[in-house]
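> From just these sequences and the hints, can you work out the full model?
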Amino acid sequence: MLLFRSEHHVDRWCAQWNRSRGGILSLHQGWQLATEWYADRLSPSWRPKTVPEAQAAFAKIGLVEEFWKLA
Amino acid sequence: MTSANKSHGTASTFDDKLRQFIYAYFIREQQAPRVAEMPAALSCSLREVKDGLKRLAQSHAFVLQENGELWRAAPFSAVPTAFPVEIGKRLWWANCIWDALGIPAMLHKDARIPASCGCCNYEMVLNVKQGKLTGAKGVIHIAVPARRWYDDIVFT
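Residue numbers (the numbering used here), protein chains in the order written: chain B, -7 to 63; chain C, 17 to 172.
Hints may be right or wrong, so weigh each one.
[Stated by the list, open to error] EDC-like mimics (lysine to aspartate or glutamate), calculated; alpha carbons at most 20 Å apart, straight line:
1) C/Lys125 <-> B/Asp32
2) C/Lys153 <-> B/Asp3
3) C/Lys125 <-> B/Glu28
4) C/Lys153 <-> B/Glu(-1)
5) C/Lys148 <-> B/Asp32
6) C/Lys145 <-> B/Glu28
7) C/Lys145 <-> B/Asp32
8) C/Lys148 <-> B/Glu28
[To be verified] Quick partial rundown of chain B residues pointing at chain C, CB under 8 Å, derived from the structure:
9) Leu(-6)
10) Phe(-4)
11) Glu(-1)
12) Trp23
13) Ala26
14) Thr27
15) Ala31
16) Pro40
17) Pro44
18) Trp60
Rather than coming from a laboratory, the hints here were simulated on the basis of the structure. Think of the CB as a built atom: it goes at the ideal place given N, C-alpha and C, for glycine as much as any other residue.
This is the structure in structure tokens:
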């Protein structure tokens, strides 16, 4: 999961590594995702998210395309 | 019954203690604890620590090196990466840009993330201040579809 200046730079990177383009997040979505994922990580009662919980976290910030399906 | 069960209640309780010890150590020391340090800190055997680490690694939040030492305790990396995160005068390494944002999210602190473009290394400093992200403009690219993330977590 890398940071790029723009989608043009993503495309250049993909060409350089002979990879097809994956999923793109805005930085705002990235921050929202990080908060969803890690804000409670130090809680003694923390448990890894189940697949439905993780899917719900993605959906909450608009990540609903096939690329984001976990199962 | 596992050896962890015998002296520490359930394996789950032991794993919770081990997990909290690792995170507290990372936060305090800005680096991972060595496996050899853990038994004394947790009043248990080396075998119990190794078994606990293997169970934690099954959650994918923890990844071990081939030598059994910690490699990742997400969002922290035990080894230097291209994703440093500065909080005040302290510095941690993250595994990827998601985890770099995850460190201030987890610690609920302001942070400076001196990142760069994955394509050309152009400087892209991000800042987290009072729960908001500011700084460089850009996008995050995730190379692998979600259902295949753990096939090759390093490339993902």
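> Now look at each hint and say whether the structure bears it out.
Okay, the hints, checked on the actual structure:
1. Our distance criterion of 20 Å between C-alpha atoms is met by C/Lys125 and B/Asp32, whose separation comes to about 13 Å.
2. Distance restraint check for C/Lys153 and B/Asp3: the Cα-Cα separation of roughly 17 Å lies within the 20 Å cut-off, and the hinted pair is therefore satisfied.
3. Taking the CA atoms of C/Lys125 and B/Glu28, the gap is about 15 Å. The hint holds against a cut of 20 Å.
4. Pair hint C/Lys153 plus B/Glu(-1) holds up; C-alpha atoms about 11 Å apart against a cutoff of 20 Å.
5. Our distance criterion of 20 Å between C-alpha atoms is met by C/Lys148 and B/Asp32, whose separation comes to about 17 Å.
6. Distance restraint check for C/Lys145 and B/Glu28: the Cα-Cα separation of roughly 17 Å lies within the 20 Å cut-off, and the hinted pair is therefore satisfied.
7. Between C/Lys145 and B/Asp32 the alpha-carbon distance is near 19 Å, which keeps this suggested pair within the 20 Å criterion.
8. At roughly 14 Å between alpha-carbon atoms, C/Lys148 and B/Glu28 fall within 20 Å of each other, so this suggested pair holds.
9. For the restraint placing B/Leu(-6) at the interface with chain C, the shortest Cβ-Cβ distance is roughly 3 Å, inside the 8 Å limit, so the hint holds.
10. Contact between B/Phe(-4) and chain C, as hinted, is supported at the beta carbon level, the nearest pair being about 5 Å apart and thus within 8 Å.
11. Because the beta carbon of B/Glu(-1) sits about 6 Å from the nearest beta carbon in chain C, less than 8 Å, this interface hint is met.
12. A cut of 8 Å between beta carbons decides the hint on B/Trp23: the least distance to chain C is about 4 Å, and the hint holds.
13. With a cut of 8 Å, the hint placing B/Ala26 at the interface with chain C holds, because the nearest CB-to-CB distance is about 4 Å.
14. Hint on B/Thr27 holds. Least Cβ distance to chain C is approximately 5 Å, under the 8 Å limit.
15. Because the smallest distance between the Cβ of B/Ala31 and any Cβ of chain C comes to about 5 Å, under 8 Å, the interface hint for this residue holds.
16. Hint on B/Pro40 holds. Least Cβ distance to chain C is approximately 4 Å, under the 8 Å limit.
17. Interface hint status for B/Pro44: violated, as the beta-carbon distance to the closest one in chain C is roughly 13 Å, over 8 Å.
18. The criterion of a C-beta within 8 Å of any C-beta in chain C is met by B/Trp60, whose closest approach is roughly 5 Å, and the hint holds.
Violated hints amount to a single one, hint 17; each of the other numbered hints is respected by the structure.
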